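J.: For reference, the chains in residue letters:
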Amino acid sequence: MDRLVRYSLPVLGVVLLILAWHFYVVAFNVPPAVLPKPGLVLDSMIANWRAIVQEGRVTLLESLYGFLLAFALGIPLAVAISSSRTLNLMFYPLLIATQSVPKVALAPLILVWLGTGLESKLAIAWLVAFFPIVVDTATGLRNTPAEYLDLATSVRANAFQTFWKIRFPAALPFVISGSKVAITLAVIGAVIGEFIGSNDGLGNLLLVANSQINIPLAFACLFGLALIGIGLYAAVVLVEIALKPWFGEIAH
Amino acid sequence: MSLASEGAAPAGARPFGVFDNVGKIFPGPSRGADPVVALDGVSYHLKSGELVSLLGPSGCGKTTLLRIVAGMTRASSGRVEFRGREVLAPQEDFGFVFQAPNLLPWRTVLGNVLFPMEIAGRNDAAARKRALELLDLVGLGGFAKSRPHQLSGGMKQRVALCRALVPSPSLLLMDEPFGALDELTRMEMQDLLLNIRRVSRTTVAFVTHSISEAIYLADEVLVFSRRPGRVIDRIRTGLPYPRVPELRYTPAFAALERRAGAGLGVVHG
Numbered sequence: 001m002d003r004l005v006r007y008s009l010p011v012l013g014v015v016l017l018i019l020a021w022h023f024y025v026v027a028f029n030v031p032p033a034v035l036p037k038p039g040l041v042l043d044s045m046i047a048n049w050r051a052i053v054q055e056g057r058v059t060l061l062e063s064l065y066g067f068l069l070a071f072a073l074g075i076p077l078a079v080a081i082s083s084s085r086t087l088n089l090m091f092y093p094l095l096i097a098t099q100s101v102p103k104v105a106l107a108p109l110i111l112v113w114l115g116t117g118l119e120s121k122l123a124i125a126w127l128v129a130f131f132p133i134v135v136d137t138a139t140g141l142r143n144t145p146a147e148y149l150d151l152a153t154s155v156r157a158n159a160f161q162t163f164w165k166i167r168f169p170a171a172l173p174f175v176i177s178g179s180k181v182a183i184t185l186a187v188i189g190a191v192i193g194e195f196i197g198s199n200d201g202l203g204n205l206l207l208v209a210n211s212q213i214n215i216p217l218a219f220a221c222l223f224g225l226a227l228i229g230i231g232l233y234a235a236v237v238l239v240e241i242a243l244k245p246w247f248g249e250i251a252h
Numbered sequence: 253m254s255l256a257s258e259g260a261a262p263a264g265a266r267p268f269g270v271f272d273n274v275g276k277i278f279p280g281p282s283r284g285a286d287p288v289v290a291l292d293g294v295s296y297h298l299k300s301g302e303l304v305s306l307l308g309p310s311g312c313g314k315t316t317l318l319r320i321v322a323g324m325t326r327a328s329s330g331r332v333e334f335r336g337r338e339v340l341a342p343q344e345d346f347g348f349v350f351q352a353p354n355l356l357p358w359r360t361v362l363g364n365v366l367f368p369m370e371i372a373g374r375n376d377a378a379a380r381k382r383a384l385e386l387l388d389l390v391g392l393g394g395f396a397k398s399r400p401h402q403l404s405g406g407m408k409q410r411v412a413l414c415r416a417l418v419p420s421p422s423l424l425l426m427d428e429p430f431g432a433l434d435e436l437t438r439m440e441m442q443d444l445l446l447n448i449r450r451v452s453r454t455t456v457a458f459v460t461h462s463i464s465e466a467i468y469l470a471d472e473v474l475v476f477s478r479r480p481g482r483v484i485d486r487i488r489t490g491l492p493y494p495r496v497p498e499l500r501y502t503p504a505f506a507a508l509e510r511r512a513g514a515g516l517g518v519v520h521g
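Chains A and B supply the protein sequences, listed in that same order. Throughout the first sequence, residue numbering follows the numbering used here, covering 1 to 252 in sequence. Throughout the second sequence, residue numbering follows the numbering used here, covering 253 to 521 in sequence.
Fair warning: there could be bad hints in the mix.
Said to hold, decoys possible - Derived DSSO-like pairs: lysine-lysine, alpha-carbon spacing no greater than 30 Å straight-line: (1) Lys-165/A to Lys-397/B; (2) Lys-165/A to Lys-381/B; (3) Lys-180/A to Lys-244/A; (4) Lys-244/A to Lys-165/A; (5) Lys-299/B to Lys-244/A; (6) Lys-244/A to Lys-381/B; (7) Lys-397/B to Lys-381/B.
To be verified - Covered by chain B, according to a simulated footprint, are these stretches of chain A (three or more residues, beta-carbon under 8 Å): (8) 83-95; (9) 235-247.
Honestly, the hints are just simulated from the structure, not real lab data. If you're wondering where the values come from, they're calculated on a predicted model, not measured in any experiment. For each residue, glycine too, the CB sits at the ideal point set by N, CA and C.
Working from the sequences, and respecting the hints, build out all of it.
T.: In structure tokens form, the structure reads like this:
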């Protein structure tokens, strides 16, 4: 029963919102060029599903590859700055500072450098996903519970063993929470890249629909993007659930 | 006579461990504050097979002494020797049991027990067999594949005990290991420890702030004063092993408790 309520209430929330949207459009007679009825959006989705799936696939891959690139480069950097005091002092403040720079502002430059193809989208997605992964992983690596380190000392573990058998596994929950932030940012990064200059992707399709005042299609693209974001986030959550018995009671 | 049967070295033999005038001074808690004398010249000769309790109030330096003996903290003065060699780092044949179980949550129970062997590069079939035997001995035979979060506090501390024992240490150092457990579990664990000691003949240094625990377990109790930590009384319990719970209610036990209590200043004389 409790389970039923927990899963059905969010669905009910979405249904209520769509109903409110529908009745708002009907009651105030809003023209479809401003805000189409939900039914119209659904029609457009069905009519254009082939294009949406095709362009969605492009955006999905740009986001995913951008994220994976951020992960592949971010983890080693986090390991480096958290194991070397020199590197840490040199780069950690810089990393924190860069966190607050609107990296989107770099997008036009990146387009100039890398062109309008896949490379520029990857670069922008990578750029926005990179920092949360590095910063969270480094935080996790620097905050190993002191008792675990005590244990390592008592059994005479060397620095390498302490890292691989204690510090790194203890930091995994932080890696996951950084990845959750990073993967949603990667989707935003990919779409921004497409907005600024691209011939494909859902962001591009959305711009085209907008310029033709095909608002139902624009909304259909938005839903497609939402699905991609939610799907990628859910994938990270699945990894987290798979690791749960692994971590047990580690809180973070 | 009962002590001899427990493997204690005969009088006059070269001591197994020597604490010679061990002192520890910590820097003050803030800039300009006076340094804190945690431990002030503690000396003791530890015999092989002996179980010695370090008893004292919180903050009396008994844990600091244990960590110095374990080689995990450097002494500010004096020295600690085992078998004639100075201890400056954790030794291969020392086992340490912490106040908290300190199990690694991403490892199974067996994986936790085998952790020291893995670090020492001796994680072979024999180690595995010994780990499983130890788990059996502490009553956790069926839990080898469980995760720490599935166990109760007492069970976790048993796993931690197995982990310290798996390399067959000649010295077992225990830092208030049963302090967080409820009274009944605690008494069970004390009997378990004595049982393990009887089988393994390992020497044990046991830190506690419980008077009855210190006496129930030990051949000898070192009673510590409040900071700066000094040994103010040494009580040879002389109680026979194996010890049984009934012992706690005998006049001899009560007299020892009273003497320790007097040393700690909780009763007068």
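J.: Could you run down the list of hints and mark each one as holding or not?
T.: Taking the hints in turn, this is what the structure says about them:
1. Between Lys-165/A and Lys-397/B the CA atoms are separated by roughly 18 Å; this keeps the pair inside 30 Å, and the hint holds.
2. Simply put, Lys-165/A and Lys-381/B have alpha-carbon atoms about 22 Å apart, close enough for the 30 Å limit, and the pair holds.
3. With a C-alpha separation of about 15 Å, the suggested pair Lys-180/A and Lys-244/A falls inside the 30 Å cut-off, and the hint holds.
4. With a C-alpha separation of about 18 Å, the suggested pair Lys-244/A and Lys-165/A falls inside the 30 Å cut-off, and the hint holds.
5. Proposed proximity of Lys-299/B and Lys-244/A is contradicted: the alpha carbons are some 46 Å apart, above 30 Å.
6. With a C-alpha separation of about 28 Å, the suggested pair Lys-244/A and Lys-381/B falls inside the 30 Å cut-off, and the hint holds.
7. Of the supplied pair hints, the one linking Lys-397/B and Lys-381/B holds, its CA atoms being roughly 14 Å apart against a limit of 30 Å.
8. By the rule of at least three residues with a Cβ nearer than 8 Å to a Cβ of chain B, the coverage given for the region 83-95 of chain A is violated, with 0 such residues.
9. Counting residues of the region 235-247 of chain A whose C-beta sits closer than 8 Å to any C-beta of chain B gives 3, which meets the bar of three, so the coverage hint holds.
Of the numbered hints listed earlier, those contradicted by the structure are 5 and 8.
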